[in-house]
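Visitor: Sequence:
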Amino acid sequence: MMNPFEDDRGIYHVLLNEEGQYSLWPKEIAAPVGWNVVLEARSRSICLSYISKHWTDLRPRSVRRAEL
54 MMNPFEDDRG
64 IYHVLLNEEG
74 QYSLWPKEIA
84 APVGWNVVLE
94 ARSRSICLSY
104 ISKHWTDLRP
114 RSVRRAEL
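Residue numbers (the numbering used here): 54 to 121.
None of these hints come from the bench; they were simulated from the model.
Check each hint, because a few of them may be wrong.
Stated by the list, open to error - FRET-style restraints, in silico, Cβ to Cβ:
{"#": "1", "residue 1": "S115", "residue 2": "M55", "range": "33 to 39 Å"}
{"#": "2", "residue 1": "A119", "residue 2": "P79", "range": "16 to 22 Å"}
{"#": "3", "residue 1": "A119", "residue 2": "E81", "range": "35 to 41 Å"}
{"#": "4", "residue 1": "D61", "residue 2": "S115", "range": "17 to 23 Å"}
{"#": "5", "residue 1": "H107", "residue 2": "K80", "range": "17 to 23 Å"}
{"#": "6", "residue 1": "M54", "residue 2": "R114", "range": "32 to 38 Å"}
{"#": "7", "residue 1": "E81", "residue 2": "L121", "range": "35 to 41 Å"}
{"#": "8", "residue 1": "E71", "residue 2": "S96", "range": "23 to 29 Å"}
Everything numeric in this text was worked out from a predicted model, so none of it was measured.
Every residue, glycine too, gets a C-beta built ideally from N, C-alpha and C.
Build out the structure end to end from the sequences listed, making use of the hints.
Guide: The following block contains the structure:
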């Protein structure tokens with residue numbers, strides 16, 4: 054059985070949490086509490102490109118704010 058988080062042919066969502074962290078998430082699995090879908094039902098490669106483009110600072114938002 055293929056791991057749904059590693060299926061190159063799967064359909065995914067991109068999730069975002071309150072800390073500004075992104076996650077690649079299989080479409081058929083419900084998003085966990087605290088995470089919101091920001092890009093729906095795309096290929097793995099499109100989702101990974103989206104994450105790379107939008108998540109340029111990997112530190113949690115609270116850490117970035119504390120450093121200001």
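Visitor: Now tell me, hint by hint, if it's right for this structure.
Guide: Tested hints:
1. In this structure, S115 and M55 meet the distance hint of 33 to 39 Å, their C-beta atoms being roughly 35 Å apart.
2. For the pair A119 and P79, the beta carbons lie near 33 Å from each other, so the given range of 16 to 22 Å is not met.
3. In this structure, A119 and E81 meet the distance hint of 35 to 41 Å, their C-beta atoms being roughly 37 Å apart.
4. Against the hinted window of 17 to 23 Å, the Cβ-Cβ separation of D61 and S115 comes to about 33 Å, which falls outside the hint.
5. Separation of H107 from K80 is about 19 Å and conforms to the stated range, judged on CB atoms against 17 to 23 Å.
6. Taking 32 to 38 Å as the suggested C-beta distance range, the pair M54 and R114 conforms, at roughly 36 Å.
7. The given range of 35 to 41 Å is respected by E81 and L121, whose C-beta atoms sit roughly 40 Å from each other.
8. A C-beta distance of roughly 27 Å is found between E71 and S96, which places it inside the suggested range of 23 to 29 Å.
In summary, the numbered hints that this structure violates are 2, 4.
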